[in-house]
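Student: Read off the chains here:
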Amino acid sequence: MNTIQLIRRAALVALVAGSVAGASAQMLINGAGATFPYPIYSKWFDSYAKIDPSVRFNYQSIGSGGGQKQILAQTVDFGASDGPMSDENLDKASGKILHIPTVAGAVVVTYNISGSPKLKLDGATLVDIFRGKITKWNDAKIAALNEGVTLPNQNIIVVHRSDGSGTSYIFTSYLSAVSYEWQQEVGANTSVKWPSGLGGKGNEGVAGLVKQTPGAIGYVELIYAKQNKLAYADLKNADGKFVSASIESVTAALATARIPDDFRFKMVNAPGPVAYPISGATWLLIYQQQKDPAKGKKLVEFLKWALTDGEKLASEIGYAPLPEAIQQRVLNRVAEIKY
Amino acid sequence: MAEINSMTVAAEMKPPSRVGDHVFKWITGLMAFSVLVLIVVVGWELYKGSNLAVHKFGFKFVTSSNWDPVEENFGAWPFIFGTLVSSLIALVIAVPLSVATAVFLTELAPPKLRQPIVSIIEMLAAVPSVIYGLWGIFVLIPWLREHCFPVLQKWLGFLPLFQGPIYGVSMLAAGIIIAIMIVPIITSVSREILRSVPDLQREAAYGLGATRWEVTRIAVLSYAKRGLCGAVILGLGRALGETMAVTMVIGNRPEVAASLFAPGYTLASVIANEFAEATTDMYLSALFEIALVLFAVTIVTNILAQLLISAMGGPRASRAIQ
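Chains as they are written, first to last, in our numbering: chain Y, 1 to 339; chain A, 1 to 322.
For the record, the hints were derived by calculation from the structure and aren't laboratory data.
Heads up, some of the hints might be wrong.
To be verified - The calculated DSSO-like cross-link candidates involving lysine-lysine, where the alpha carbons are at most 30 Å apart (straight line), are:
id: 1; chain 1: Y; residue 1: 193; chain 2: A; residue 2: 25
id: 2; chain 1: Y; residue 1: 211; chain 2: A; residue 2: 154
id: 3; chain 1: A; residue 1: 14; chain 2: Y; residue 2: 92
id: 4; chain 1: Y; residue 1: 193; chain 2: A; residue 2: 48
id: 5; chain 1: A; residue 1: 154; chain 2: Y; residue 2: 92
id: 6; chain 1: A; residue 1: 154; chain 2: Y; residue 2: 136
id: 7; chain 1: A; residue 1: 60; chain 2: A; residue 2: 48
id: 8; chain 1: Y; residue 1: 193; chain 2: A; residue 2: 56
id: 9; chain 1: Y; residue 1: 133; chain 2: Y; residue 2: 297
id: 10; chain 1: A; residue 1: 48; chain 2: Y; residue 2: 133
id: 11; chain 1: A; residue 1: 48; chain 2: Y; residue 2: 96
id: 12; chain 1: Y; residue 1: 229; chain 2: Y; residue 2: 120
id: 13; chain 1: Y; residue 1: 295; chain 2: Y; residue 2: 50
Claimed, not checked - Okay, the calculated beta carbon distance ranges per label pair:
id: 14; chain 1: Y; residue 1: 58; chain 2: A; residue 2: 159; range: 26 to 36 Å
id: 15; chain 1: A; residue 1: 37; chain 2: Y; residue 2: 50; range: 30 to 40 Å
id: 16; chain 1: Y; residue 1: 58; chain 2: A; residue 2: 36; range: 50 to 60 Å
id: 17; chain 1: A; residue 1: 84; chain 2: Y; residue 2: 155; range: 21 to 31 Å
id: 18; chain 1: Y; residue 1: 155; chain 2: A; residue 2: 34; range: 50 to 60 Å
id: 19; chain 1: Y; residue 1: 244; chain 2: A; residue 2: 256; range: 53 to 63 Å
id: 20; chain 1: Y; residue 1: 248; chain 2: A; residue 2: 42; range: 36 to 46 Å
id: 21; chain 1: Y; residue 1: 58; chain 2: A; residue 2: 42; range: 45 to 55 Å
Here the structure is a predicted model, which means the values were calculated and not measured.
Note that the Cβ used here is the ideal one computed from N, Cα and C, for glycine as well.
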């Protein structure tokens, strides 16, 4: 066979393959953003494929920053972020971007002291530990919260996330909410200038360092802590009650958190006797005016499903679903999407 | 007669076409040139991306030690320091190890042993960076913290380099991990260079009654020193840019400390850590400028190293890497 024949054949094969792919083409909806909700989103897309086979979702977990950038650049149909977008970034958008909260998660404080006793901590103590003001485990402030627990005379080694993350955003938001000094000196962000301690990359990096270092204290996502059976502290909430992190206590916090109309809210230190204080929601970012009517329609259908039936799948894999009152408010917002 | 015949035939033949040669020359030239273009484009893109930060912070960006994403105050000095120091530690550990290994393999090892050792060393180069990182967290760090560092502190604690609290994750741990990762490249390039030393050199030295050590030192190492430096530069290039494993063991603390036991941070690590979640323009721009600085640091260290080599003089035995 000469070369020209070969090329012709190759072209023919390509043409046939192309037309076959075209015939069975599903609508592809692209999204990108936060890594924290990736497991629940991929479960949703998976389950939804059985409900509506004509649409397929492609989600890339490139981080919240990436999600915000991509939705602003309109390279994706929806973005996802663990923190609400700033006014500055929203101003850059070509249209109105809606924040659609989907699920919430908690951040727990894990530690490595011999015997792994269950510790109780409060906001002020946690701030002092992470500012490097409390340096010993048997400090009077920690001891006062944990009567009956023998605390070692050991140096505290603070471990935080080194990579920018929604987990750090929630944790530093909490420290800012309970301490004016923290808010002034450090603030809340996906990355901050930590006053002390070591940085580990990812939940596994922090957990690894905490596990390996006697006297270490760090923070990880609740789901990660549960999967890896890490010890974590009960925290004193805004009502003065000690609460353990769980799906129920996070949903309770969601129910009592003050949520403004644009859904750009923080839910740290929410009131209520059973609300866990260090928790945060995650959002989908969607243009109110959809460019492609067919895609917009499918996207809205998916959102309605996700916020009702989809929410029921959340707690199975460790995410806190939206409480009913908020669910209704969010569905009303989804109904405002135009296409 | 036969000779005359073939000569007349050759004279009657058309001169061979030179088109192939020209095409070959142009294609290879284009390839070589495209690498240069690539470097310029990368540099230009980084400069463009970092415009905002360059204008806001100016030269202070490379001298300031403050890195505060909340206040949007950015200074890269701790990262530059961390990159240079961790690479230096890596070279201090890896160079003697690699050169000695290469000498053993070319000069001393029985032939049967050579190939297995070479294969094992080259296998080290094939292990992904993240695996070294995990091994670092779970094996190397605990061992360093429990056994190695306390001993170092006990015997060398009078030096500021070995003072302060021991966390395990540290500049020294990062240097050790990088050393392991650059040993294969330095070793295999050094081995090629030592093999290219002409046997005449060795024979001449033996002829003068030199011992094996003297032959290696005078006839081989001294002859090959420029090439060996080239091998070290290749290792240095890898060390400066190493990201994943370093991030996992260095402690990620943007601070300049005298102690090697203290945590540090590198340019490559901060980009890998913070780029994905950076949302504001200034923050992104500062990370771009970090990349620009890393680009510059790499180029400057390479130029300095090249100058060092050409200043050394001696016969050019660095063919193997040129």
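Student: If a hint holds in the structure, say so; if it doesn't, say that too.
Tutor: Taking the hints in turn, this is what the structure says about them:
no., hint, result
1, Y:193 with A:25, "54 Å, violated"
2, Y:211 with A:154, "26 Å, holds"
3, A:14 with Y:92, "69 Å, violated"
4, Y:193 with A:48, "26 Å, holds"
5, A:154 with Y:92, "58 Å, violated"
6, A:154 with Y:136, "24 Å, holds"
7, A:60 with A:48, "18 Å, holds"
8, Y:193 with A:56, "19 Å, holds"
9, Y:133 with Y:297, "54 Å, violated"
10, A:48 with Y:133, "42 Å, violated"
11, A:48 with Y:96, "29 Å, holds"
12, Y:229 with Y:120, "18 Å, holds"
13, Y:295 with Y:50, "18 Å, holds"
14, Y:58 with A:159: 26 to 36 Å, "55 Å, violated"
15, A:37 with Y:50: 30 to 40 Å, "50 Å, violated"
16, Y:58 with A:36: 50 to 60 Å, "37 Å, violated"
17, A:84 with Y:155: 21 to 31 Å, "30 Å, holds"
18, Y:155 with A:34: 50 to 60 Å, "55 Å, holds"
19, Y:244 with A:256: 53 to 63 Å, "41 Å, violated"
20, Y:248 with A:42: 36 to 46 Å, "51 Å, violated"
21, Y:58 with A:42: 45 to 55 Å, "29 Å, violated"
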